[in-house]
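Peer 1: Spelled out from the first residue to the last, the chains are:
There are 2 protein chains.
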Amino acid sequence: MDSHKQLKIGLFGFGVVGEGLYRVLQQTPSLKAELRRVCIKHSGKKRNAPESLFTTEKDLLLNDPEINVIVEVIDDADAAFDIVSTALLNGKDVVSASKKMIAEHLEELLELQAKTGRSLLYESAACASIPVIRNLEEYYDNDLLHSIKAIVNGSTNFILTKIFEEGLDFKQALILAQQLGFAESNPVLDVEGYDAANKWTFLLTHAYGIKVKPEELLFNGIQHIHAGDAQVARSRNQQIRLVAQAQKLQNGEVAAFVLPQFVKDDDHLSFVKNEYNGVVIESGFADKQFFYGKGAGSLPTASAVLSDIAALRYQYKYEYKKLYHHKPHQLAKDTYLRVFVSFDDLKHIPREKFEWIEEWHAQEERKYLVGVIAFRELQENNWWRQNNNSLILAADPVIEDVEIRKLKKRSLELAGVF
Amino acid sequence: MDSHKQLKIGLFGFGVVGEGLYRVLQQTPSLKAELRRVCIKHSGKKRNAPESLFTTEKDLLLNDPEINVIVEVIDDADAAFDIVSTALLNGKDVVSASKKMIAEHLEELLELQAKTGRSLLYESAACASIPVIRNLEEYYDNDLLHSIKAIVNGSTNFILTKIFEEGLDFKQALILAQQLGFAESNPVLDVEGYDAANKWTFLLTHAYGIKVKPEELLFNGIQHIHAGDAQVARSRNQQIRLVAQAQKLQNGEVAAFVLPQFVKDDDHLSFVKNEYNGVVIESGFADKQFFYGKGAGSLPTASAVLSDIAALRYQYKYEYKKLYHHKPHQLAKDTYLRVFVSFDDLKHIPREKFEWIEEWHAQEERKYLVGVIAFRELQENNWWRQNNNSLILAADPVIEDVEIRKLKKRSLELAGVF
Numbered sequence: 019m020d021s022h023k024q025l026k027i028g029l030f031g032f033g034v035v036g037e038g039l040y041r042v043l044q045q046t047p048s049l050k051a052e053l054r055r056v057c058i059k060h061s062g063k064k065r066n067a068p069e070s071l072f073t074t075e076k077d078l079l080l081n082d083p084e085i086n087v088i089v090e091v092i093d094d095a096d097a098a099f100d101i102v103s104t105a106l107l108n109g110k111d112v113v114s115a116s117k118k119m120i121a122e123h124l125e126e127l128l129e130l131q132a133k134t135g136r137s138l139l140y141e142s143a144a145c146a147s148i149p150v151i152r153n154l155e156e157y158y159d160n161d162l163l164h165s166i167k168a169i170v171n172g173s174t175n176f177i178l179t180k181i182f183e184e185g186l187d188f189k190q191a192l193i194l195a196q197q198l199g200f201a202e203s204n205p206v207l208d209v210e211g212y213d214a215a216n217k218w219t220f221l222l223t224h225a226y227g228i229k230v231k232p233e234e235l236l237f238n239g240i241q242h243i244h245a246g247d248a249q250v251a252r253s254r255n256q257q258i259r260l261v262a263q264a265q266k267l268q269n270g271e272v273a274a275f276v277l278p279q280f281v282k283d284d285d286h287l288s289f290v291k292n293e294y295n296g297v298v299i300e301s302g303f304a305d306k307q308f309f310y311g312k313g314a315g316s317l318p319t320a321s322a323v324l325s326d327i328a329a330l331r332y333q334y335k336y337e338y339k340k341l342y343h344h345k346p347h348q349l350a351k352d353t354y355l356r357v358f359v360s361f362d363d364l365k366h367i368p369r370e371k372f373e374w375i376e377e378w379h380a381q382e383e384r385k386y387l388v389g390v391i392a393f394r395e396l397q398e399n400n401w402w403r404q405n406n407n408s409l410i411l412a413a414d415p416v417i418e419d420v421e422i423r424k425l426k427k428r429s430l431e432l433a434g435v436f
Numbered sequence: 019m020d021s022h023k024q025l026k027i028g029l030f031g032f033g034v035v036g037e038g039l040y041r042v043l044q045q046t047p048s049l050k051a052e053l054r055r056v057c058i059k060h061s062g063k064k065r066n067a068p069e070s071l072f073t074t075e076k077d078l079l080l081n082d083p084e085i086n087v088i089v090e091v092i093d094d095a096d097a098a099f100d101i102v103s104t105a106l107l108n109g110k111d112v113v114s115a116s117k118k119m120i121a122e123h124l125e126e127l128l129e130l131q132a133k134t135g136r137s138l139l140y141e142s143a144a145c146a147s148i149p150v151i152r153n154l155e156e157y158y159d160n161d162l163l164h165s166i167k168a169i170v171n172g173s174t175n176f177i178l179t180k181i182f183e184e185g186l187d188f189k190q191a192l193i194l195a196q197q198l199g200f201a202e203s204n205p206v207l208d209v210e211g212y213d214a215a216n217k218w219t220f221l222l223t224h225a226y227g228i229k230v231k232p233e234e235l236l237f238n239g240i241q242h243i244h245a246g247d248a249q250v251a252r253s254r255n256q257q258i259r260l261v262a263q264a265q266k267l268q269n270g271e272v273a274a275f276v277l278p279q280f281v282k283d284d285d286h287l288s289f290v291k292n293e294y295n296g297v298v299i300e301s302g303f304a305d306k307q308f309f310y311g312k313g314a315g316s317l318p319t320a321s322a323v324l325s326d327i328a329a330l331r332y333q334y335k336y337e338y339k340k341l342y343h344h345k346p347h348q349l350a351k352d353t354y355l356r357v358f359v360s361f362d363d364l365k366h367i368p369r370e371k372f373e374w375i376e377e378w379h380a381q382e383e384r385k386y387l388v389g390v391i392a393f394r395e396l397q398e399n400n401w402w403r404q405n406n407n408s409l410i411l412a413a414d415p416v417i418e419d420v421e422i423r424k425l426k427k428r429s430l431e432l433a434g435v436f
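Residue numbers (the working numbering), protein chains in the order written: chain A, 19 to 436; chain B, 19 to 436.
Bear in mind the hints are in silico, worked out from the structure with no lab data behind them.
None of the values given here were measured: they were computed from a predicted structure.
Treat identical chains as interchangeable: a pair holds within one or across any two.
Below, computed lysine-lysine pairings styled on BS3-like, alpha-carbon distance capped at 27 Å: (1) K26 <-> K335; (2) K345 <-> K26; (3) K50 <-> K345; (4) K229 <-> K50; (5) K50 <-> K266.
Model the full assembly from the supplied sequences, consistent with the hints where possible.
Peer 2: In structure tokens form, the structure reads like this:
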């Protein structure tokens, strides 16, 4: 019955994901995939698998002509790129879970795929168990994608949930997340938004054909959020989430960023709590779709890796249709955002940089405003993440260039009335 | 760049879905699929497409050697089966949206696929825009599926939402659904659960390798639900939904049914309102996944049909792995269910058929009880849908055979105390 390619796997990495994958493979004999060898950094450690599987010699995997699939689940992005590119050049298909590596090297990885004709799959790098890349590739490739909004980082979402639901402050919530294994001992990558921004770069490629480096993306984490900000959100029946967003504008460009955002209680993303991830896709034909699931962890990640391995049996490849078969979209630079900024001292807020300000609230300790500001201003300057300022996007934050003049005029008229 | 199969499509049906597909195809030139001909039942009607496309002669499509894909979106299940089977036998791949036809003829369709080697795809027949079949095939084929719970019928879900949120009674809500196009003028198929049961049969095949006819499935619709039942639900922070459920038991069998069910306010399925559909999949590795989207309508359905067409370009087929590559599961018959039954008169309730009764509530007009009853009793007898009785499953309704003795003993002990 089964006329598929026989898979012989060389695995790099035997941490939580690698070991999870080993266990998952043991429990799915129907896949008929054989794990030939595992490459690890340090030998001698006691591992829950036969000693004979392990080696520290990467070439024993990369040059083994019997091995036709390299699975890479290591932590070091530079080493991962070296492994993945060598594997592709050696004619092997590759499954990778390294978001940082993929985000930083996507351009070269696209070239390597085109040049070698091999398949590189990395579903687990996006939202672990949520098959978002596959659905973008398969289900939205022909559809008119209006927007995609997502919670792609479980650590920060866990922390924000605890701040909201249990009234913890940021530090307490972070410690709890670390104790429960939902945050790394060095949490900077998660907390300051790097992890989410990395994921967002290649999701932008699959969704819109956009090629962008993480450092070119407008992003921030949740490190500046104040307890008072959460109170403001609550009083407005909203929550605060770290939202990765991309939205097509009338001129065909795409506004994209990863920033804390107010989310209404009845928004799909409000449903996403604790360590979970969620993706909302709005499109012309399928309307609004919502995918929700575990975005991290040993078995959910291993399960996504396994699905990629299974897809290699029938020679599945990403087609990057939005990049190659359509006219790729450009990132918008001339759009505007409605933002909330809380601050200790007005002198650290450059009022003149706002198009207009809609709300001022002054309390003894913590003050805030709501206003409209150019996207470019946030991308080019840093005042909003300095001096204990905290910037959070309003719900539905994007205001198009074409709307801004109308709104501005109206805003000035109103100002004249009062 | 594009080395894929060139698709030449023969389309049967030009109702809302057929015309939606025509529009969607017009807007996705990148698919490079050519619509060669459309077969309709009645000629002469004015249609929003060139006259020359249409014919009433089905053989002009089925025998055209140039046409390699037949897409069938007609209403008549018998005619649909005739078209689909002839198309497969004539060497064409097929995309179908006819849930009733697929549910009733799945066995023959499996044989035809095996015999001809052609592909039959029918994603749109399940939850329209939610890619549930594809995800079960691709993402859960190797995973240990604990359970799948879903809202698969938008009409009944719209009616239930209106009963709950706007306090309408069943008839008012039905009329509103019909006015807004969310229910057919003849609503029996939806309201009495036939449509949901049809969809559940083939989802059971993809999820668990179970082959079952709709009439062998335990199902009911929402036609017996009373306004008072909704009040009870509300007082318990629950809602009522028509839930299709399948749950793996400790003995490896699968308890499956489509029945009204109490759903806790914080359950994923509570999030699914109005005409939307939702699917919750619980599995060993990926944990809990939730898919949500439009389950009906012209464009969402057409978009799912289009995704199936796009998949034919790379010769995609369902593998039915749970059926062919695993040991298929059996439907459980000896399990127990916790049920709520409301009634006008106790004489219509066979008390002795319950394992035990946990609650009795007697009010002047409408009374109810909560008790545990054998699955088999509901499948073999009809008292619970007669004489104005209304049966609704409790939240988490399945009690396994192995648990029942323990619970029963405890229940009798408690009874002895009082």
